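Novice: Chain residues, written in single-letter form:
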Amino acid sequence: MDLLEYQGKQLFARHGLPVPAGEPARSVDEAVAAANRIGYPCAIKAQVQIGGRGKLGGIKIANDEAAAREHAEAILGMDIKGLTVHEVWVEGASQIEAELYASFVFDRGAKAPLAMLSTRGGMDIEAVAAETPEAIATLHVDPLIGFQPFHGRRLAYEAGVDADLVRPIGAFLERLYRTFEAEEAMLVEVNPLIVTPERTLVALDAKVTLDGNSLYRHPENAELRDLSSENAQERMAAERGLTYVKLDGDIGILGNGAGLVMSTLDVVAQYGGKPANFLDTGGGASSETVKAAVEVIVWDPGVKAVLFNIFGGITRCDEVARGLIDAFAEIEPRVPFVVRLDGTNGEEGRALLANANLPNVHPATTMDEAAERVVGLAA
Amino acid sequence: MSVLVDRDTRLCVSGITGREGSFHTLNNRAYGTNVVSGVTPGKGGQELEGIPVFDTFHEAVAASGANTAMVFVPPPFAADSILEAADAGIATIITITEGIPAHDELRVYTHLHRSPDVRLIGPNCPGVLSPGKANVGIIPASFFREGNIGVVSRSGTLTYQVGNELAQRGFGNSSIVGIGGDPVPGSSFVDVIKLFEADEQTELIVMSGEIGGDAEETAARYISEHVSKPVVAYIAGFTAPEGKTMGHAGAIVSGSKGTAKAKAEALEAAGVRVARTPTQVAEIAVDVLS
Numbered sequence: 010m011d012l013l014e015y016q017g018k019q020l021f022a023r024h025g026l027p028v029p030a031g032e033p034a035r036s037v038d039e040a041v042a043a044a045n046r047i048g049y050p051c052a053i054k055a056q057v058q059i060g061g062r063g064k065l066g067g068i069k070i071a072n073d074e075a076a077a078r079e080h081a082e083a084i085l086g087m088d089i090k091g092l093t094v095h096e097v098w099v100e101g102a103s104q105i106e107a108e109l110y111a112s113f114v115f116d117r118g119a120k121a122p123l124a125m126l127s128t129r130g131g132m133d134i135e136a137v138a139a140e141t142p143e144a145i146a147t148l149h150v151d152p153l154i155g156f157q158p159f160h161g162r163r164l165a166y167e168a169g170v171d172a173d174l175v176r177p178i179g180a181f182l183e184r185l186y187r188t189f190e191a192e193e194a195m196l197v198e199v200n201p202l203i204v205t206p207e208r209t210l211v212a213l214d215a216k217v218t219l220d221g222n223s224l225y226r227h228p229e230n231a232e233l234r235d236l237s238s239e240n241a242q243e244r245m246a247a248e249r250g251l252t253y254v255k256l257d258g259d260i261g262i263l264g265n266g267a268g269l270v271m272s273t274l275d276v277v278a279q280y281g282g283k284p285a286n287f288l289d290t291g292g293g294a295s296s297e298t299v300k301a302a303v304e305v306i307v308w309d310p311g312v313k314a315v316l317f318n319i320f321g322g323i324t325r326c327d328e329v330a331r332g333l334i335d336a337f338a339e340i341e342p343r344v345p346f347v348v349r350l351d352g353t354n355g356e357e358g359r360a361l362l363a364n365a366n367l368p369n370v371h372p373a374t375t376m377d378e379a380a381e382r383v384v385g386l387a388a
Numbered sequence: 002m003s004v005l006v007d008r009d010t011r012l013c014v015s016g017i018t019g020r021e022g023s024f025h026t027l028n029n030r031a032y033g034t035n036v037v038s039g040v041t042p043g044k045g046g047q048e049l050e051g052i053p054v055f056d057t058f059h060e061a062v063a064a065s066g067a068n069t070a071m072v073f074v075p076p077p078f079a080a081d082s083i084l085e086a087a088d089a090g091i092a093t094i095i096t097i098t099e100g101i102p103a104h105d106e107l108r109v110y111t112h113l114h115r116s117p118d119v120r121l122i123g124p125n126c127p128g129v130l131s132p133g134k135a136n137v138g139i140i141p142a143s144f145f146r147e148g149n150i151g152v153v154s155r156s157g158t159l160t161y162q163v164g165n166e167l168a169q170r171g172f173g174n175s176s177i178v179g180i181g182g183d184p185v186p187g188s189s190f191v192d193v194i195k196l197f198e199a200d201e202q203t204e205l206i207v208m209s210g211e212i213g214g215d216a217e218e219t220a221a222r223y224i225s226e227h228v229s230k231p232v233v234a235y236i237a238g239f240t241a242p243e244g245k246t247m248g249h250a251g252a253i254v255s256g257s258k259g260t261a262k263a264k265a266e267a268l269e270a271a272g273v274r275v276a277r278t279p280t281q282v283a284e285i286a287v288d289v290l291s
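Residue numbers (our numbering), protein chains in the order written: chain A, 10 to 388; chain B, 2 to 291.
In isolation and in its complexed conformation, chain B is listed as follows:
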């Protein structure tokens, strides 16, 4: 097992004919991901090295049986593409695009949240890798192998760093999920931790967070009440300067939350071991799993 993407994934890529989109589509296919189709309005009927391209998601789903979407289109078109994929019945939508307007994300999130069958990962994330099964996104898969640690992270390159530290100690991963660092991520730490808790292959959950927002604090509460598997956390930004405040109203909303220290304390209070460096994540993993 693994979460979100596996050998049953039938991937349709939105923006498949773009420079980045085509490059990563072929990379994902070379890894073994079953890429069944792509969507680019106006380019229906074309092919990308044998992968059929359609004008709409509805056509792509009907003709290729796609069940997962990867959205790779530029920010002005991304929200629309996500909504189209959901409307066409795609259950798992992984959005790599960075720079989507916050109000677009808010509308998309609110709409999708009302359909329990649809799950959005990202935007502004590196995607999902289930080593040995499927890679959807831009995670450099060669650094990871199959194993029993589930990783969920807000940051792309930090995911690679943490994953690499684990790999150097001989650990592999059930899945690596980048949830992205945008103001309104489609899926939260809690959503993904829930999947890892239910996944048989996953024996340890590693979550990598960073300053800002309160997703880590919310995860801490959830873990203390609902998670039986061990969780190791890493939080980046202990020495980062205070971010630009959003006026008084922003300070009122966030209160004292949002700092790395507050997040680490919330997680430790929930029984989660918090590493101070990426290297320490691996050291704790050794300790927990041995």
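Here chain A stands alone, though its shape is the one from the complex:
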């Protein structure tokens, strides 16, 4: 789960990391009032989960109330790469002497947290990584020992930070690691981590990704989920316990298990079709779940045909068949369905479907046959 910048900063502040004072605002008046309390100059920053907002006019400096109002009016409601800005973060403008980069990421490959530090922050860090990887100091942390002072010194010296900053950066990284561990993050990234003229460090941006599986232990973080950034259909699916990703084709896809669904998308593409979505019912789907899934899929007006590809393990094919029959009774989909049911209770499921004699539902025995059929029906 990705946090907005200000949510990340509030998380940082809870762990004693230095961030500029600021307030979130959802209306122009709120933003102006916040700016007046914080004082001028201040920064008005669009809160969207996407990079590059500064270049697109999503971050402005205001030197007085009139400017604050003008910028808040411009930014609230603006569109940044397809996302509407519903919220701004107003914070005191910072004086910048130097810009660093610092992060901890959950490194799946190495199976350890990876620490990164660079004195080349503030610019496109990916370009730095690609062109001059030696400009980024990295090391892996043993999760059973945690981040030690020597880790901080090693990173600071290898990154080549100024001598007077070695200690403060070590302390900053130690707190950043504590945040990463305590909040069970997959990523905590500060870019830029600025050095002020007084030679203090301030996290000027915050990018935090939390582990969705751990949210039951962090109820205060679970509330931060930004539903407005999700597509309406994806939200509808999530509320029904389904994993749904919208794609741009015209063949609706439903399957059980992420691997099998991905494989189904591939096979449909090989027969020349274009999937409209990825939908995983998960294991052991009930007829209710299947019915909800049909609703989500056919809600997309671009869908011309639907493919059900089920290989039941925990999932029982008769439950899937019942769900489809219920869906037809309630929502009367107008597009053709190709249904392949195999695995646990496959025979019962196929018999249920045959007896129901649903309009425009075509059984298929193999995955390939099903894919070929559905591509033909969508054409």
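Simulated from the structure, these hints should not be mistaken for lab results.
None of these values were measured; they are calculated from a predicted model.
Among these hints, one or two may not hold up.
What the hints assert, rightly or not - Derived, one-sided and incomplete: chain B residues facing chain A with beta-carbon distance under 7 Å:
1. A92
2. P102
3. T111
4. G157
5. T158
6. V185
7. A241
8. D288
To be verified - Okay, derived cross-link-like pairs now, DSS-like style, lysine-lysine, Cα gap no bigger than 27 Å in a straight line:
9. B:K195 / B:K230
10. A:K120 / B:K195
11. B:K262 / A:K283
12. A:K90 / A:K255
13. B:K230 / A:K255
14. B:K262 / A:K120
Glycine included, C-beta positions come from ideal geometry on N, C-alpha and C.
Starting from the known structure of chain A, fit chain B onto it as the hints suggest.
Specialist: Chain B in isolation, oriented as in the chain A frame:
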């Protein structure tokens, strides 16, 4: 022979009194798996259709001689249960539970990795089936029979699909191992391929991967250097959209790796034949084994 589970398996199930846990325990026993005990704290002294239940793994191991554990408890308790099983001396721990927090998995992995005698399969996996010998987990065993193909897979249902394609062409399996799709799987493709390479019954290894991470690329390197048996691979997700990125830091770590195309190329460069569909896996198997 086969790998990980067989007729010598003495299984203890953590979460044996739960709804899913009891259902699959009895399913596994009906298949012929020797289920010797279960663990549910607070329910020691009870029985599940003749299978004794203990409060702790230590008691269960002492009283029933369990050498394999299946963990079926909900995510908040799963990491603890895995560590308890290892602490009680269980060598093979198969974890079915889905949704364990990533940092828990990381601590468990790091700790277990330092004890060479303990092997964790999963979490978030369908388990291990050695047809005709033992089934530990939720794989629908009736679709598979004994044979000479070892299957290792990150995805549950895709395993069934691939296994079924093989079965329809008359092939059976030495073992089918689901390693799970979580960020920190206890065992990797390499760990299981190593077992199949050493297993006499296995003549062909099928690995089924998917997008994300670099486990397939690592396996490709290992295969080219250490594996003499033929390997057929299948990768799902060629047409999947780019996943949600983990900010810049994530992109830096994964680089260009993680796509199905990159994985297939790495495997092909290592001499592995990569099927484009599950059906093709079986076609290549026919070709290799005939």
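Novice: Checking one constraint from the list: CA of B:K195 to CA of B:K230, max 27 Å. Satisfied?
Specialist: Given that 27 Å is the threshold and the Cα spacing comes to 11 Å, the pair holds.
Novice: Using Cβ atoms only, decide whether B:G157 comes closer than 7 Å to chain A, and label the hint accordingly.
Specialist: Nearest chain A Cβ about 5 Å off; hint holds.
Novice: Can B:P102 be said to touch chain A, with a Cβ gap under 7 Å?
Specialist: Hint on B:P102: holds, closest Cβ of chain A at ~4 Å, below 7 Å.
Novice: Between the alpha carbons of B:K262 and A:K283, is the straight-line distance 27 Å or under?
Specialist: holds, 19 Å
Novice: Answer holds if the nearest beta-carbon of chain A is closer than 7 Å to that of B:A241; otherwise answer violated.
Specialist: With a minimum Cβ separation of about 5 Å from chain A (threshold 7 Å), the hint on B:A241 holds.
Novice: Under the criterion of a CB-CB separation shorter than 7 Å, is B:A92 in contact with chain A as hinted?
Specialist: violated, 21 Å
Novice: Do the alpha carbons of B:K230 and A:K255 lie within 27 Å of each other, as the hint requires?
Specialist: Not OK: B:K230 and A:K255 at ~41 Å, beyond 27 Å, violated.
Novice: Grab the minimum C-beta distance from B:T111 to chain A and call the hint holds if it beats 7 Å, violated otherwise.
Specialist: The hint holds - B:T111 has a Cβ within 7 Å of chain A, the shortest such distance being about 5 Å.
Novice: Report holds or violated for the interface hint on B:V185, using the least CB-CB distance to chain A and a cut-off of 7 Å.
Specialist: holds, 5 Å
Novice: What's the verdict on A:K90 and A:K255, does the C-alpha distance respect the 27 Å limit or exceed it?
Specialist: Status holds; Cα separation ~17 Å.
Novice: Does B:T158 pass the interface check with chain A, least Cβ-Cβ distance below 7 Å?
Specialist: holds, 3 Å
Novice: What's the verdict on A:K120 and B:K195, does the C-alpha distance respect the 27 Å limit or exceed it?
Specialist: Holds, because 20 Å separates the two Cα atoms, which is no more than 27 Å.
The earlier numbered hints that this structure contradicts are 1, 8, 13.
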